[in-house]
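Take the given structure of chain A and dock chain B to it, following the hints.
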Amino acid sequence: MRFRNHRIVGDILELAARYRDEGADELVFYDITASPDRRTVDRDWVNSVARLLDIPFCVAGGIKTVADAEDVLNKGADKISVNSPALADPELIGKLARRFGSQCVVIGIDSQADSDDWFVYQYTGDPDKTQSSQRRTLDWVREVQDRGAGEIVLNCMNQDGVRRGYDCEQLAAVRAICDVPLIASGGAGSRQHFRDVFAAANVDGALAASVFHSGEIPIPDLKQYLVDQQVDIRL
Amino acid sequence: MTSLAIIDSGGANITSLLSAFERLGVTAELTSDATVIRDADRVVLPGVGAALDAMTRLREARLVDVIRDLKQPVLGVCLGMQLLCDASEEDDVDCLGIFPGVAQKLSVGDNCPVPNMGWCATQLTAPHPVVRDLEQDDYFYYVHSYAVPESECSIATATHTRPFSAMLGRDNFVAAQFHPERSSRAGSRILNNFLGWTP
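Taken in sequence, the protein lines are chains A and B.
The opening residue of the first sequence carries number 1 in the working numbering; numbering runs sequentially from there.
The opening residue of the second sequence carries number 1 in the working numbering; numbering runs sequentially from there.
This is chain A alone, in the form it adopts within the complex (with noise of 0.2 Å):
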């Protein structure tokens, strides 16, 4: 769930109450805006959330500071995921997982094709912002899972907001070096594409957003498929 500011919690607390009865097995709160614009997120919402859902819930964005991820957590979010911040300081990650367990240390990563290998971007909240961190994936994904990450979602900007499915060649590169929970991201478009994102690369979750707020793929039916299809999943 993406959103931008605090005026929208009403908002907020109805989907989450009805991703929660469709049967979502976790939710990720996007705040997007929050690293390029440097601000305090306002996180009330947080604890109203917590107290919904009976189903586990990550917060991202704006996390910056081990004090910032214990305000999230103490307000019941479960986990909570770091992209740019880690990114600017890399030690960010072994502080949150030594203070909190790497449970809840998820890192998020944003990940584009350049010539021929795969590179991370950061500020991606903000297309003017967002530029090439120089880091190789496959590296930054060793030194994040080395620095006490509990888990990693990939976001495949290539395919993100395309539809055309997940990127299973990047993903199951990463899957191959990845020891911790992976979660795709970035391209759902049709129930095929999340039964070939676990086939193919193997991925402990798939996330998506927009096909899931649109209802143009209701959760239930998605589930019945891929069990239909055997993936291993919680209808």
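It is possible that part of the hints are untrue.
A short, non-exhaustive set of chain B residues, derived as facing chain A with CB atoms under 7 Å [stated by the list, open to error]:
hint: 1; residue: Met117
hint: 2; residue: Gly118
hint: 3; residue: Gln136
Every beta carbon over 12 Å from chain A, so not counted as near; a handful from chain B, in silico [said to hold, decoys possible]:
hint: 4; residue: Asp65
hint: 5; residue: Val66
hint: 6; residue: Ala121
hint: 7; residue: Asn172
Derived from the structure by calculation, the hints contain no laboratory data.
We put the beta carbon where it would ideally sit given N, CA and C, even for glycine.
Same frame as chain A, but now just chain B:
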């Protein structure tokens, strides 16, 4: 109205647990006060973090014998379940010894990253009032790097690289390795069963 004490073992994020009981109509009290814990109708031992930290806090709060001597229904959750066992390989720490067994580090395997974080199908292996009305192979949400092997106290199991105890039960103590408070309807059923359980 049942009184429910959640033991404050420090560090643990218990907002989700408090909220889950609230949704079932019970206001739980987070406490490290021995008298409150002894007098509660029901007690929950949660836990997130490292076994040594949690045991150190329980010892400092003089709660080790208090917990061992409880006669009312007690539910251990996640690390709380491991704390109720003999010991944990994590930091080689002695635990409370209610259940037999030692929590062991999970090993990385095919399709089995560590931590084990996600929904796992869970098998019921022995009848128990707390798992009443659950289905075989219901999914529960797990977050852990250590697990307790199967034993005569196992009432449910799940598999990572090998089978482990998903739930343990003995006398007035019951425990879950998964997080019932984050396991949707199936988890809520377990919490509700716990609230109605008379050992």
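Structure-based check of all given hints:
Interface restraint check for Met117/B: the shortest CB-CB distance to chain A comes to about 5 Å, inside 7 Å, so the restraint holds. Annotation: Gly118/B was flagged as interfacial toward chain A, and the flag holds, the nearest CB pair being 6 Å apart, inside 7 Å. Violation of the interface hint for Gln136/B is found here, the shortest Cβ-Cβ separation to chain A being roughly 13 Å, above the 7 Å cut-off. Even its closest Cβ contact with chain A, about 28 Å, leaves Asp65/B beyond 12 Å, as expected for a residue assigned away from the interface.
Non-interface status of Val66/B relative to chain A is upheld: no Cβ of that chain comes within 12 Å, the nearest being about 26 Å off. The beta carbon of Ala121/B is not kept farther than 12 Å from every beta carbon of chain A, the shortest such distance being approximately 7 Å. With a least CB separation of 26 Å from chain A, Asn172/B remains clear of the 12 Å interface cut-off, as annotated.
The structure is inconsistent with the numbered hints 3 and 6, although it conforms to all the rest.
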